Amino acid sequence: MKKNLIFIGLALVVGLLGGWLIFGGSGNDEQAIKDLSDMSDSHDHSGESAEQMWTCSMHPQIMQPEPGDCPICGMDLIPAEAGADGLSADEIKMTENAMALANIQTSVVGQGQMDSGTLKLSGKIKPNEESNAVQVTYFGGRIENLYVNTTGERVGAGQRLATIYSPELVSAQQELLTAASLKESQPALYKAVRNKLKLWKLSEKQINAIETAGKVQENFPVYATVSGTVTHKMVEEGDYVKQGQPLYKIANLNTVWAEFDAYENQIASLKVGQTIKVTTNAYRNEVFDAKVSFIDPLLNSSTRTVVVRAVLNNKNDLFKPGMFVEGKIEGAQESTLRKITVPATAVMWTGERSVVYVKTNPNEAIFEMREVLLGNANGDTYTIIEGLQNGDEVVTNGTFTVDAAAQLQGKKSMMNTAGGKTMTGHEGHLGMQGNNSGDSKENADHSEMKERIAVSNKFQGQLKQVFEDYILLKDALVNDDAKNAQQAGKQIIQSLKNVDMKLLSDEKAHNHWMTIQKELNTSANAISSNTDISKQRGHFKHLSAHMISSVQLFGVNENVYIQFCPMADNNKGAYWISLEEEVRNPYYGEAMLTCGEVRDTLK
Numbered sequence: 001m002k003k004n005l006i007f008i009g010l011a012l013v014v015g016l017l018g019g020w021l022i023f024g025g026s027g028n029d030e031q032a033i034k035d036l037s038d039m040s041d042s043h044d045h046s047g048e049s050a051e052q053m054w055t056c057s058m059h060p061q062i063m064q065p066e067p068g069d070c071p072i073c074g075m076d077l078i079p080a081e082a083g084a085d086g087l088s089a090d091e092i093k094m095t096e097n098a099m100a101l102a103n104i105q106t107s108v109v110g111q112g113q114m115d116s117g118t119l120k121l122s123g124k125i126k127p128n129e130e131s132n133a134v135q136v137t138y139f140g141g142r143i144e145n146l147y148v149n150t151t152g153e154r155v156g157a158g159q160r161l162a163t164i165y166s167p168e169l170v171s172a173q174q175e176l177l178t179a180a181s182l183k184e185s186q187p188a189l190y191k192a193v194r195n196k197l198k199l200w201k202l203s204e205k206q207i208n209a210i211e212t213a214g215k216v217q218e219n220f221p222v223y224a225t226v227s228g229t230v231t232h233k234m235v236e237e238g239d240y241v242k243q244g245q246p247l248y249k250i251a252n253l254n255t256v257w258a259e260f261d262a263y264e265n266q267i268a269s270l271k272v273g274q275t276i277k278v279t280t281n282a283y284r285n286e287v288f289d290a291k292v293s294f295i296d297p298l299l300n301s302s303t304r305t306v307v308v309r310a311v312l313n314n315k316n317d318l319f320k321p322g323m324f325v326e327g328k329i330e331g332a333q334e335s336t337l338r339k340i341t342v343p344a345t346a347v348m349w350t351g352e353r354s355v356v357y358v359k360t361n362p363n364e365a366i367f368e369m370r371e372v373l374l375g376n377a378n379g380d381t382y383t384i385i386e387g388l389q390n391g392d393e394v395v396t397n398g399t400f401t402v403d404a405a406a407q408l409q410g411k412k413s414m415m416n417t418a419g420g421k422t423m424t425g426h427e428g429h430l431g432m433q434g435n436n437s438g439d440s441k442e443n444a445d446h447s448e449m450k451e452r453i454a455v456s457n458k459f460q461g462q463l464k465q466v467f468e469d470y471i472l473l474k475d476a477l478v479n480d481d482a483k484n485a486q487q488a489g490k491q492i493i494q495s496l497k498n499v500d501m502k503l504l505s506d507e508k509a510h511n512h513w514m515t516i517q518k519e520l521n522t523s524a525n526a527i528s529s530n531t532d533i534s535k536q537r538g539h540f541k542h543l544s545a546h547m548i549s550s551v552q553l554f555g556v557n558e559n560v561y562i563q564f565c566p567m568a569d570n571n572k573g574a575y576w577i578s579l580e581e582e583v584r585n586p587y588y589g590e591a592m593l594t595c596g597e598v599r600d601t602l603k
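If you read the sequence shown in the UniProt record's numbering, its first letter stands for residue 1, the second for the next number, and so on.
Errors might be hidden in some of the hints.
Said to hold, decoys possible - Listed next, with one range per pair, are the computed distances between beta-carbon atoms: (1) K277 <-> E582: 31 to 41 Å; (2) S171 <-> G238: 21 to 31 Å; (3) A213 <-> L318: 15 to 25 Å; (4) Q494 <-> T231: 39 to 49 Å; (5) T601 <-> L318: 33 to 43 Å; (6) P221 <-> D480: 23 to 33 Å; (7) N525 <-> E468: 14 to 24 Å; (8) T231 <-> L189: 38 to 48 Å; (9) N479 <-> L318: 18 to 28 Å.
As the list claims (entries may be wrong) - Dumping the calculated DMTMM-like pairs for lysine to aspartate or glutamate here, alpha-carbon to alpha-carbon at most 25 Å: (10) K233 <-> E330; (11) K490 <-> E558; (12) K120 <-> E264; (13) K271 <-> E330; (14) K120 <-> E368; (15) K320 <-> D481; (16) K315 <-> E558; (17) K93 <-> E368; (18) K191 <-> E175; (19) K359 <-> E597; (20) K120 <-> E558.
What the hints contain is simulated information worked out from the structure, not anything from laboratory work.
In this text, all values refer to a predicted model and were calculated from it rather than measured experimentally.
In this text, a Cβ means the ideal position worked out from N, Cα and C, and glycines have one as well.
Given the sequences, and given the hints that come with them, work out the whole structure.
What follows is the structure, encoded as structure tokens:
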């Protein structure tokens, strides 16, 4: 029993000293040891304040408001030193060693004007609804023949679309022949019968032909009333249709709509009549000028965007509905003269709010999470409307690592707005508070990247092979190549089998890798067994979240870039890793190749 007590005491000392080395302490080594010796073995904390939190010496991410057992290892919780270092609830402190390992960089922000201010918007080409038409049948019956059978076919006004057998029309023709023989004596009846046929869109020429032939025509043609492109075929041969039933949707594509999504903080910069320069990947060297013709008065509450529309001339048939386009509005940021700008890598976006980390002490690595209100994006920078002041020093590289350190210390962070206890998952790996922002679990996992764990060169080499297969998969998705993506998924599975978990003697590293390996294997299996590239890309998001965690935790002896596309996964956003700083989007491929930005750099 005595030996057990000694062992537990030594474990407590090692755990606290390890936590001090990673995240910094409130004083020097002697003070940290003194703080430990002040804790009584009886755990009598009746005099603690109501704000006292309890943590585990071996798992500092555990924070509970009362004493008890660690949910991971079962050890007795000890009083956390929250507040003992003189920091506020929003501040965290990191060691110089942690700063160097994570390559955390900061820069001082100031006011300035974007001389070439440009508002960038992403969107799609859609048919001009004002030029759309629905081709209907004006008499009921059975479709005997369809002469336009596929969407995308062009039709002209007066072109025959179908023939229909109509019992009603047969009866009306018989009435016409009878009335024609009585037109001298009953001209009103004759005129009424002819008008009835005209209501069914029969022309004078057709009516006269029936009279001249003197016999009933069984099958009648349906002619197009407009010119355009068939966008939707709504019937098949043999169908019975009622009078007024739609047959086709026909769009006149001589003009099309370019519809862009603008975030609510961009609305103030938009006005009807502004010139918008439109570009597309299909015609990389061409710029098309248009005017903003409509700004939706209603905000989409789920995406927090409004639709901005411009009408494009399409007489040369360059624009196809569904095509991705980018719009640039020059001079849309006149109001940014007194707004602060920051690099895009400084901002973390949860889907509902944006945060940055500000260095609050110029002489120490103390950081404070701060919510900001974003203005317009201009290349690699954001305008900050609220939340920062001239002269603030913000983290511009390693922002995710600082946020992870905040999570481990039980402080407020990007996904944990309340701070305090952090829930655990998979024995401590990537545990976090429930995500209330609506972001997917993959994004939540990514935001929890932890500081580097020392592992053997041999393990790093095995992990690097997994990473290289991941890059092959990423490149295949960039190239819209589902077959090679499937093969790369199989290679990842094989490389994961070759990673020797026994090389991880550290318990913390072992537990992390167990969970990461399982998640990577699940995603790679899903990709390798699927030939649908859209489904492969869905699984790639989850795979990337855990691949980012593994690179952050263990390293691959290479500089890599964490990149982010805000439009992926239905505007929820998604991350991936690249060896090149240039953005090549695996979630959209050629359709929107350059959509995204670099959010972090891992070394």
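Q. Tell me, which hint numbers fail for this structure?
A. Checked against the structure, the hints that fail are numbers 1, 3, 6, 10, 14, 16 and 20, while the rest are satisfied.
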